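Asks: In case you want the letters, here they are:
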Amino acid sequence: MVGCVGDISGPGGASSGGGGGTGGPSAGGPLLPARIRRLSNAEYDASVQALLGTAQKPSVAFPPDSRQGSFTLNDAQRIDPVLAKQLDVAALALVSEARGSGKLTALASCAAGEACATTFITGFGARAYRRPLTADETAALVAVYHAGADGATHDEGIDLVARALLQSAGFLYVTELGAPGATATSKVTLTGNEAAAALSYVLGGIPPDQPLLDAAGAGQLATGEGREQQARRLLALPAGRDRVVRVVREWFGIDRIADTAKDSTVYAAFAGVKASMEAESLRFIDEVMSHGSATVGELLGADWTIADAPLAAVYGVSSAGSGRTSLTGVGRRGLLNQGAFLSVYAHASETAPVLRGVATMRRVACMALKSPTELNIVVTPPMPDPSKTTRQRFDVHATDPVCQGCHRSIDAFGFAFEGYDGMGKARTTDSNLPIDSATVVATGLDFDGSYADSNALAAALAASADVRTCAARQIFRASAGRSDDSVAVAEAAFVEAWSALPADAQGNLIETLVAFVRSPQFVERSAR
Amino acid sequence: MSTRRPRRPEPLSPTRRSFLKAVGAAGAALPFYQLLEDSVARAAGDPQPLRFVTLYHPHGIAAEYFVMQAGDTETAFDLGFANSVLQPFDDAGTYGRSFKDKLLLVEGVDLLSNANGHDSAGTILTGSRIDSSASKPLNSSLDQFLAVEKGLGAATPITSLALGVGNDGTQAGATLSFGPGGAPLPKMIDPVQVFNLLFASFVPSNDPAEQAAAMRRRKLGQSVIDFVRGDINRLQPRLAAPEKQKLDQHLSALGDLEKQLGGIGTGGGPTCVAPGKPDKQQFPSLKQYNGGEPYFDAITNAHIDLIAHAFSCDITRFATLYMNDLSYSGNPLGLPADNHGSVAHTYSGSPVGSDGHPSGPGDPATWALLGKFNRYCYAKVALLMQKLDQLGVLDNVLIYVSSDMGNPSLHSTRNVPTVLAGGANGAFRMGRRIKAAADCPTNSPWCGPSDAVFNKTGANNHLLVSIAQAFGVAIDTFGTQTDTAYTTGALAGLK
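Chains A and B are the protein sequences, given in the same order. Quick note: the first sequence uses the working numbering, first residue 105, plus one each step. Quick note: the second sequence uses the working numbering, first residue 470, plus one each step.
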């Protein structure tokens, strides 16, 4: 099937088409376009927590983030009527809490009146906007203060200002526009404050802290070295560690374990270990990134995990508690063979070789793969047949001339996982027939070969240079907040810059992130 | 034309108040009435506006128990046959009356999503192919087209309402309402939140202190909106066109927020009463896969109650409700815990409702299982009709009910079960069963939408054109397909 499987040049590349893309002439230039970006739900929570000292996470009541390429930091977040209402409700509740806790009193601890309000507005407003306010903005907020305070109390005026700021464009959108008033040329450069916000949200999921604002004020973020210094500081913070774990989970799609369920008549144990699976991937990724090699190779190839006792029992090993549990005895390797990945990419009552295969190809190898819809193919899933294994039923793909072009590749990956059932438990039989997980991968990439099962495949993927290149692309997509075809040239430019890293740094995700924030691409934008 | 029927009192909870009556009758309520001056008032004798609600039910249909039975004609048909999934529409014992005369059942409608059945809910109101890489359709949905783009939702405090049961996702398979370009609209899944949006700030009071507080809330809210609007307008000129769209959408959302400050519409139905606030205890969990399943039934009922009251009070005229299944062990239907895998996927259909794929006789045991779930979903539609009827606005509502599939084990998006209900202000001739022309000629029974011989008149696009026309919007084409023959022209036989 022409147009099914391409090389790893990514969307818009010279291959047979990206994951749903056309690429080509409209694929933009090497710079990302100037833009505004609405805070994701997690960024909103972190931002109101930093501003008001609250422990609340108001976004639990918001609609879920729109995703782009499975990432939440992206260009697709919008404010629609439902969210606008919820932002208003959240702002009221947050202000009420901050008034009750004394936080707002402390923030505006001066003698009641417009002068005090103006001091509060310029100080609190600058923190909300992540930059100093303009005179117009200050004047507009003083008017808000009077609307609240006149005929009422000073505190009510302050409360109303805080409520307005929490719903303002300046707070809700991160700008990547350069200095206001600059004459639009072909290129703009982020202001120091914009660079600070970009660094803190991309690397920590939080608004800029004081050291970052100081660095911005001193002009240090204009240089790659200055940004690298701040980046390494941010990545070592708890917020930085959490952010990297989030990026990896979104990249593999395993954050969806929270929304995964199984037929309890088939996988009775799943409900009891679902939380353990989620905890495993959080701890495992953090361990690799913070105490391990921080490489995609280790994420995919590790022969250990961090599993609690119930999950270790599913794996057939004994738990080492919060330490590393060895999996060498059972042969399980890396993220792709952990419960979260195997459960997310499976159906409620059986495995899903196609889902597992497609996820591996797209997410781990960045292989271009078109959907049946794009190829105008009518999908007819195999009917249940208790006399056959799942693999035997799906093998119809290999004989159907319409399906086989794509599915020879997809199934070669997907069948390798058949040694694990729909919740990731090892099995030797399916429908009382022996499991066959042997596979031959023939993609033209450097991990082609014959593998006994998904663990052998994982070891090959872990050692692959092509997979390292894919990891760099995914880090770019997660951090730039763009994965659409219109920025394919910018992605290619980053991959080229990244390929200049020393070989041992290329698979290192921290070094890849640092390479991105060091590059001029991080602070330069194409003008409108 | 007055379509009012004598009020049918339903048992009112003690908290329910016929507050609009009070506003109209009592001079003491005048200060609050002035709060309402921004909303559009209609004189008592004016015709009722048409309301539109679309309900989605998952997992397709047991066609055997949906289609016309032997002996049925267009106007004389039986809904009470054995295993009938449509039985709730003719069940006076449960719903107070039969709704057969308020029903227009359409067979043979196709959802041309060009996607797996699971992604096809997004086609129901858009008539669009689904872009699977972005999981969205290519144009706005009819409810948004009418309410927002044609301004038909402008007169009510809430322009439109998108509700869901258990699933707040916005991918094409989980969404009915889409803005321009097919941008999905989020659904509200918490009935308490929905109640607060629709009714909490609107319930008037004769207490002067409460009226003053309402007045102040409105003033403060307006001040916040004015500031945010100014903030957006200061940023807007610095942006390139695609970025401006983000702020345009934000401005439009603020417009909605502003309308909500205005208060309840004064043109409500004959018996506008505020519903009781949903009891949070009835659904301690809301989300699918996160413990919400046992409460889906209660959530569905609460949503239906809120939609009916919002319509009767003219708080909104456009709503969508994305229903869910009952996938948990011990569900009241006695279905297997996994409805999707063990009911929908195991359905073994007969040639009835087949999309031309070769089919054996099928397995009636599997029809009954799926049919039981289908009947449950249609019972929710009947419940909505009952409430609208009790509130006196059933004749002023058009209800459109669809699933994302016909035969679910084939994931077929053809022969999708289509129910139109309500009085529709007389736009459609109800009390009938009709069939769209067959998709394929007898000499090419397995044809598909990409084949020249495929009949283009069964696409649900035509139904969407008809509904737009029922709202007085003179369009002749709706949706995005490869061939305009699919998108152009009204569906035959509705009038």
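Calculated from the structure, these hints are not laboratory results. These figures come from a predicted structure and were not determined experimentally. One or more of the hints may lead you astray.
Simulated crosslink set (BS3-like; lysine-lysine; CA at most 27 Å straight-line) [unchecked claim]:
id, chain 1, residue 1, chain 2, residue 2
1, B, Lys904, B, Lys619
2, B, Lys756, A, Lys161
3, A, Lys189, B, Lys619
Some, not all, of what chain A presents toward chain B, calculated at C-beta under 7 Å [unchecked claim]:
id, residue
4, Arg267
5, Ala268
6, Val418
7, Glu628
In this text, a Cβ means the ideal position worked out from N, Cα and C, and glycines have one as well.
Asks: It remains to establish, for every hint, whether it holds in the given structure.
Replies: Hint check results:
1. B:Lys904 / B:Lys619: Not OK: B:Lys904 and B:Lys619 at ~30 Å, beyond 27 Å, violated.
2. B:Lys756 / A:Lys161: Answer holds: B:Lys756 to A:Lys161 is near 17 Å, not above 27 Å.
3. A:Lys189 / B:Lys619: 23 Å, holds
4. Arg267: With a minimum Cβ separation of about 6 Å from chain B (threshold 7 Å), the hint on A:Arg267 holds.
5. Ala268: It holds, given that the least Cβ distance between A:Ala268 and chain B is near 4 Å, below 7 Å.
6. Val418: 19 Å, violated
7. Glu628: 16 Å, violated
In terms of the numbered hints stated before, the structure departs from hints 1, 6, 7, listed from lowest to highest.
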